[in-house]
Amino acid sequence: MSAIAAGPGDQLKPKIVATGLEKRYCSARGGETVAVMGVELSICAGEFVCLVGPSGCGKTTLIQMMCGFEPPSAGRVLIDGEPIQGPNPDHIMIFQDYGLFPWRTVLGNVVFGLEALGMSTPEAKARAHETLQLVGLSAAAHQHPHQISSGMKQRVAIARALAVEPSVLFMDEPFAALDAFTRLRLQDEILRLWEVKRTTVVFVTHDLDEAIALAQRVVLMASSPGRIQRVMTIGLPYPRERTHTDFSEYRRELFEAFHLLHATAANSAV
Amino acid sequence: MWHRLGHWLLPVLILVAFGGVWQLIALFYPPALFPGPTATIEALIEVAINGTLWSNTWISLVRFFTGYGLALLIAIPLGLLFGCVGFLRRLFDPLIQVLRPISPIAWSPLAVLWFGIGSAPAIYIIFLACFFPMLLTTITAVKSVPAVYLKVARNFGVGSGMTVLLVILPAAFPGIMSGLHIAVGTGWIHLVAGEMLGAQSGLGYMIVDARNFLRTDMIMAGMLVIGVLGLGIYRGMRALEDLIGRQWGIGV
Ligand SMILES: Nc1ncnc2c1ncn2[C@@H]1O[C@H](COP(=O)(O)OP(=O)(O)OP(=O)(O)O)[C@@H](O)[C@H]1O
Ligand SMILES: [Mg+2]
Chain R
727 MSAIAAGPGD QLKPKIVATG LEKRYCSARG GETVAVMGVE LSICAGEFVC
777 LVGPSGCGKT TLIQMMCGFE PPSAGRVLID GEPIQGPNPD HIMIFQDYGL
827 FPWRTVLGNV VFGLEALGMS TPEAKARAHE TLQLVGLSAA AHQHPHQISS
877 GMKQRVAIAR ALAVEPSVLF MDEPFAALDA FTRLRLQDEI LRLWEVKRTT
927 VVFVTHDLDE AIALAQRVVL MASSPGRIQR VMTIGLPYPR ERTHTDFSEY
977 RRELFEAFHL LHATAANSAV
Chain U
-12 MWHRLGHWLL PVLILVAFGG VWQLIALFYP PALFPGPTAT IEALIEVAIN
38 GTLWSNTWIS LVRFFTGYGL ALLIAIPLGL LFGCVGFLRR LFDPLIQVLR
88 PISPIAWSPL AVLWFGIGSA PAIYIIFLAC FFPMLLTTIT AVKSVPAVYL
138 KVARNFGVGS GMTVLLVILP AAFPGIMSGL HIAVGTGWIH LVAGEMLGAQ
188 SGLGYMIVDA RNFLRTDMIM AGMLVIGVLG LGIYRGMRAL EDLIGRQWGI
238 GV
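Taken in order, these protein sequences are the chains called R and U.
Residues in the first sequence are numbered from 727 upward in steps of one, following the numbering used here.
Residues in the second sequence are numbered from -12 upward in steps of one, following the numbering used here.
Bound conformation, chain R alone (with noise of 0.2 Å):
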């Protein structure tokens, strides 16, 4: 219960309510994991929050939740007050690989998701534009994904996204696979289209100084079972140094309370 989080402004309404979250899965051999149990988190309309954890700490399980890709075992999830069904196109999900149809031009990727909310191909096709415009793809409208770099690739995934003018972003370890060039150049570039879009953004990654580049706040999360240590208000100024001494501070102290994950980890398997 020392989870429950509220935000930097919590006199914002919060868009994004979990309440007693619980997922369990069940072996094959009749065994039950828990992946994820007693989550409590209040996430504010437009805030950048960044869950982190080692892995198999049920960061991806917790995300999808959200996301209303998984049914919890027990506990809810609501979106502006509404209990989650199912995924949904207000609530985008961008995936570590991408998820993009290589049958599909770039173009032809982002105009999937607005054609898909019933838009006309002339509207679909001018909006995407516009979007790819906005993340710097125009001159690869007319690619494959195989033609393009990983970098590019997540940018198009986010333009499809961002496309649907969705409300929520979720993005499970999105840069994960990408060299450090790029990932802290989209880094920025998802913190420059946050700004723009004002869009709340759900983001799961293992790396620390990510996290603390991009969010607000950061849930720290640990495992056996699943559930949140703490949570961290990240109170530096946009854009932040990432070699400034107050990014370090936060740095350390994040090391500090994984330190501790290990030690308390430690103890618990003697």
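Hints may be right or wrong, so weigh each one.
With the Cβ distance kept under 10 Å, some of the chain R side facing chain U (calculated, not the full set) [what the hints assert, rightly or not]:
id	residue
1	Pro815
2	Met819
3	Gly825
4	Arg830
5	Ala883
6	Arg886
7	Phe984
No wet-lab data here; the hints were simulated from the structure.
Nothing here was measured: the structure is a model prediction, and the numbers come from that model.
Even glycine gets a Cβ: it sits at the ideal position worked out from N, Cα and C.
Chain R is already provided as a structure; the job is to place chain U with the ligands on it using the hints.
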């Protein structure tokens, strides 16, 4: 340059060498028993001039594409259905597994009983030979569509019918195409068998008819035509596949 030349030249040389060996062996046997390439070509010219080669080839191609097309029209939608709906797939899997190993040729007595003689039993045999490869590869292709594509479709609110059309079909396309490929081979192989069931025309009939007159050179000519046409259809298929692949941006 030399590389490209070798690319074309070596296979042609091997074909020529094969013809040479064939001719050599033929020297040791009476032509009525083992005709050489020259006798075969002469027989081929004979039927080309009297016109039976063209009419028989034409009717064989019509039968082949009818059987192939019917199999395609039924197997692909059925494969999509079974691939998408695991419940149905599990229900029908034993039935498919029992029917599949039965050689299309084993069906031939029944095919004649049911469809009489003529084109219908041949088409039925070709249909059977094409159906299972198409069905099974389509099911596998649909099952192996990456889950993330389906998640994206769901996320953007695409309904299940449109998901099949806009996501599953194109994503499974390369796999389905390989099934269509295999079916060209198996279908064409069974063409002769189908046309031996009392048909009065076609390349298979040409061979049966030549046997009745002990024209071994004509039998070989028929075999040669079947082989060359098979190669032609296969190459045409490849070209079509490349074209579609480029259009869809999947052929790298
Ligand atoms: N479909 C599933 N069936 C069974 N167990 C699962 C399933 N998905 C996840 N788990 C289990 O739930 C736990 C949390 O997994 P999850 O994928 O959410 O972790 P994660 O934090 O995203 O890890 P990573 O950083 O490696 O992506 C793990 O112990 C995992 O084995
Ligand atoms: Mg994960």
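A quick look at each hint next to the structure:
1. Pro815: holds, 5 Å
2. Met819: Holds, because the Cβ-Cβ distance from R:Met819 to chain U comes to roughly 6 Å (cut-off 10 Å).
3. Gly825: holds, 4 Å
4. Arg830: Holds - the Cβ of R:Arg830 comes within 10 Å of chain U, reaching about 7 Å at its closest.
5. Ala883: It holds, given that the least Cβ distance between R:Ala883 and chain U is near 9 Å, below 10 Å.
6. Arg886: OK, holds: R:Arg886 within 10 Å of chain U, min 8 Å.
7. Phe984: Since the shortest Cβ distance to chain U is 29 Å, the answer is violated.
Hint compliance for this structure: hint 7 alone is broken.
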